[in-house]
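The listed protein sequences derive, respectively, from chains R and X.
Residue numbers 19 to 390, in my numbering, belong to the letters of the first sequence in order.
Residue numbers 19 to 390, in my numbering, belong to the letters of the second sequence in order.
You can trust all of the hints, since none of them are fake.
One copy or two, either will do: identical chains are not told apart, so a pair holds if it fits within one copy or between any two.
Derived lysine-lysine pairs resembling DSS-like cross-links, with alpha carbons at most 25 Å apart: (1) Lys176 x Lys102; (2) Lys335 x Lys204; (3) Lys290 x Lys375; (4) Lys62 x Lys153; (5) Lys176 x Lys38; (6) Lys71 x Lys153; (7) Lys335 x Lys258; (8) Lys153 x Lys73; (9) Lys153 x Lys38; (10) Lys309 x Lys351; (11) Lys258 x Lys351.
It is worth saying that the hints were derived from the structure and are not from the lab.
Number of protein chains: 2
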Amino acid sequence: MMLMEIKDDFTNNLKKDDSKNFITSKHGAGGSIMQNLIQNCFVKNLSSENSWKEKFNVEISLEDLDDGAVVNDTVIATDSHVVKPTFFPGGDIGKLSISGTINDVSVMGAEPMALTFGLILESGYPRNNLERILKSMGDTCKQAGVYVVTGDTKVVEKGSLDGIMINTSGIGRRNSFLDKNIDVVKKYRKFDARWLSDSNLREGDKIIVSGTVGDHGITILSAQKGYDFDIISDVTPMNKVIQGILEVGGVVSIKDATRGGLGNVLHEWSEKSNVGIVVKDSRIPVKNSVKEACEILGINPLHTANEGKIVIGCVAKKAEEILSVLHEFTEAKDAEIIGQAEKVFGNHVLIEKEHGKVILESPEGDPVPRVC
Amino acid sequence: MMLMEIKDDFTNNLKKDDSKNFITSKHGAGGSIMQNLIQNCFVKNLSSENSWKEKFNVEISLEDLDDGAVVNDTVIATDSHVVKPTFFPGGDIGKLSISGTINDVSVMGAEPMALTFGLILESGYPRNNLERILKSMGDTCKQAGVYVVTGDTKVVEKGSLDGIMINTSGIGRRNSFLDKNIDVVKKYRKFDARWLSDSNLREGDKIIVSGTVGDHGITILSAQKGYDFDIISDVTPMNKVIQGILEVGGVVSIKDATRGGLGNVLHEWSEKSNVGIVVKDSRIPVKNSVKEACEILGINPLHTANEGKIVIGCVAKKAEEILSVLHEFTEAKDAEIIGQAEKVFGNHVLIEKEHGKVILESPEGDPVPRVC
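Extracted from the complex, chain R is given alone in its bound form (with noise of 0.2 Å):
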């Protein structure tokens, strides 16, 4: 029944799915058709000039598709959250939020100053939910020792939105390790970013996922499902983490694995990185009750979302001293490397399951509608 129930969504989903005249929501999952309209639309109508580039030192920008971009040595980035419910099981579209752009932002290799908010409410929204939305903010805020220094607010007339939806912008610097961490990737071998891009990993790099895969998809799916598993979202800022095995060094490149998953992760960095990846489906770490629930949802859970977790690209002799200092920390408690980059044909990314190796597919986008 839950199955097919599911299925049906799908199904009408893709009866819908015009995706040449109209946005659909594949538009907004994070997987190929995203891709595409990103491409051949924003790419395409934002281009910018060389002299401005120059002038203001914009070495990641638009077309490189990153988690965020570094002008003038300052790393910016932004994520609107549109999440449904606005609370769930370990959270809500306040922490999330915030947590996101932190991680978007951390990635990079910055650590993060500041945030800003741009808050849309329907008007009638109940002020109490707002308050609760405000604090878990402030709290998540204080949790990762980075604050909001401006914000805006709209409110739209009842019934041109449901409930309230949140951006969340932010800057961060430099992190204070990360020339000594590109210092110890250099003893191992080559390399000549100045950030962690997605275009960093090589073939021998070794790859670390910093916690259990799929918690925050499939609690939301079950929430706006009314399903009753047992399971939370892992939603969290994930910056004292990062600081923390840029400390390690011989970091290439961080993602923070949200819309799409672990998947969509692996398929970016080997299309941007031109490599191919090889995943062991045994170590990847997923909750047994996760693993059931999408048995019974039908839901790959290296598809489906995350909100405290990041996927670390790391060269080969420093993965298990990085995976030690992962384990010191309660959100990375679980973490595990899971495989390695390496020359595979067409750069597809491989899952080695017991009886050979597999192409994981590279999904059209997350299945959870509005995950975040």
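Please arrange chain X on chain R, whose structure you already have, making use of the hints.
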């Protein structure tokens, strides 16, 4: 008939205005009710720590409620745009979102470097419209010489958003003429601020508005109501104009007269700078077409939004020179010196009319819903 229709709208709004328990349109309209929400809900819950301010050299933060913030010598500002209709005479939500954030960054005394966007789209939104909006964003970026470096897209299901909403955030670095500008101010009076903040106005400073007021607000209201006034929005980036007047020197504060219009700017200045303000009604530039529309609609053009108008506070001795430079820019050809900061009992904002001075009351918020 028209007047009655508008009045009815206001009466309905007031009846629904249970601002203690529910969010109403006035909470997002840039007036006193919004200020109250910001103080009692946002600033209270999002308070920061002094150690953080010291660590990142946070000079202007959330509690200053300025157009932007200053962190690590970088200005950051954010705005969400929910304007209705999305396309209007003189512009669209794309041009508005780019211009608004460029202006917010520039008025602090910064040179805008880069922008981010956060798009929220309703499933089923026509791709043609999206292309048109992105082209308009791109064109406005080119006009201003400031480009988008990163973005985020979310799609929500049909019925949970009406069409498209856009957040833009922006960062800027200290304008290269700001120090020289401040040196000029110091020739004439004491000045100890490092940025052009709202609290810098002092008795004797002159107030200049860069052009006719109310154009944008009345354009949007006309479009919402289907009236056929011959008015177009003034939406445009003002960074080059601001660059021009900083080169002259003597500017103490600049504000972007958006939601709540010129009136809101004058009230924010009088409150944050603790000064009275007197402006001459006859000197405030208002287009005849806007004046006529305002009379029919029962709206004060001083209280409605502009999107390409700045209000400048400067030392008296430099006012004429600044005015001449403003007149060299098409965007500021109608600039006028409209009054000055002076001793007024209760630090009121006074409008000098033919028959004498009257208090300009602080409105609850912009009379036009979804004006930006």
